[in-house]
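Participant: Starting from the known structure of chain A, fit chain B onto it as the hints suggest.
The listed protein sequences derive, respectively, from chains A and B.
The opening position of the first sequence corresponds to residue 278 in my numbering, with each subsequent residue numbered one higher.
The opening position of the second sequence corresponds to residue 37 in my numbering, with each subsequent residue numbered one higher.
These are calculated hints, taken from the structure and not from any lab test.
Glycine residues also receive a C-beta, built at the ideal position from the N, C-alpha and C atoms.
Hints may be right or wrong, so weigh each one.
Claimed, not checked - Pairs of lysine-lysine, DSS-like flavour, derived with a Cα cap of 25 Å:
1. B:LYS114 to B:LYS206
2. B:LYS60 to A:LYS357
3. B:LYS177 to B:LYS206
4. A:LYS392 to B:LYS188
5. A:LYS357 to A:LYS392
6. B:LYS105 to B:LYS183
Said to hold, decoys possible - Just a sample of chain B residues kept apart from chain A, beta carbon distances all over 10 Å, derived:
7. LYS60
8. THR66
9. GLU67
10. ARG70
11. PRO75
12. LEU81
13. GLN100
14. VAL106
15. THR122
16. ASN134
17. ARG147
18. ARG174
19. ALA179
20. PHE201
Below are the chains, spelled out letter by letter.
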Amino acid sequence: MKILLIVPIIFLLHGVCSASYAQKVDARSTTSASSTATLQLNTFAEFTVTPVNASAFAFNSTTSYESGINRSSFSSFVVKSNMNWLLTIRASGAFFAASGGGLSNTLPAGVISFKTNSESTYRTLTTTAQTLRSGAAGGSSQPGNTFSIDLRVAPGYLYNGGLYTLDLVYTLTTQ
Amino acid sequence: MKLLVTTLLVSFLLISLEAHAQPKVVQIATETIRLQLNPIVSSTLETSSDTWNTFVFEAQDAYQRGIEKVNASAISIKSNLNWVVTVRAEEGYFRETNKGGEIPVSILSVRANDGEYVRLGPDPIIISQSSDLSVEDRIKKIALSYKAHPDKLVHTGSYSVNLIFTVTSK
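Same shape as in the complex, but just chain A (with noise of 0.2 Å):
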């Protein structure tokens, strides 16, 4: 890439010395020179997610455990891409992690259902990456680069009483 960026500055030297040279050999003749300026605009995209309601999600009643617990806006995302986007979630894993012996190590991830704050339905968190939204080039103002999830967890009685954890993968992708 250096070598790419190199020749065009020598060929625009060799433009402005020749002009020069032009301009000593006869004064009286009227000159005129020109450079190309070049602006390589490289991809950038780049996203921040925020917690924002993010702190365990605990099952204390049979309400809790049959009827799960909605979280609404449980992390905020913002994404600023001078390309359009994607921006998908996944589960790290097939199963939570499980803190302390004698716990279920078959709390599947499908447990945690997800959507944006502008769906309405919820979708089942898998390990295959689902887009969670795409959005045009822009900033943090542009629509649609600003928004956050809503996630629901109903684990059921199937599953022994601890702690589990999973990670949620985000994916920005650039189209």
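Facilitator: Same frame as chain A, but now just chain B:
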């Protein structure tokens, strides 16, 4: 000069190819979700009818054979812990309403599902329990049947006693 032009053309082609590259991952982030599943043992008593707990002795046959009410009530359990169900009478006797008569509570027996009938008393008796907290045990419905067999010489009247079912983790 030709070399420069050729190089420039090649560089433009490369830039063009780069501009039409496939979607590429530019950032990955992870966030941990934590679930605190607290121990829970929940139970509810369900009844089959309004008279599930009323035994009416009128005929001699009823006194001789007793009265059985199969699946008259049930206990629904929801739990993520192993559990045990016990039953006991609040006191050792049926008490006659507004009078002083009494009948030993042992004339009443109860059984869980297809188990054996056990005579009731003031002390807790285990009638059912989970094993290894299987999937079936985590959401369990236990049918309760009752059999009352009083002595026919008991004084006529209305008698009652409270039964206490307890579901505890073990």
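Participant: If a hint holds in the structure, say so; if it doesn't, say that too.
Facilitator: For each hint, the structure was consulted:
no.	hint	verdict
1	B:LYS114 to B:LYS206	holds, 14 Å
2	B:LYS60 to A:LYS357	holds, 15 Å
3	B:LYS177 to B:LYS206	holds, 18 Å
4	A:LYS392 to B:LYS188	violated, 68 Å
5	A:LYS357 to A:LYS392	holds, 21 Å
6	B:LYS105 to B:LYS183	holds, 6 Å
7	LYS60	violated, 6 Å
8	THR66	violated, 5 Å
9	GLU67	violated, 5 Å
10	ARG70	violated, 4 Å
11	PRO75	violated, 4 Å
12	LEU81	holds, 15 Å
13	GLN100	holds, 44 Å
14	VAL106	holds, 28 Å
15	THR122	holds, 21 Å
16	ASN134	holds, 39 Å
17	ARG147	holds, 25 Å
18	ARG174	violated, 4 Å
19	ALA179	holds, 20 Å
20	PHE201	holds, 17 Å
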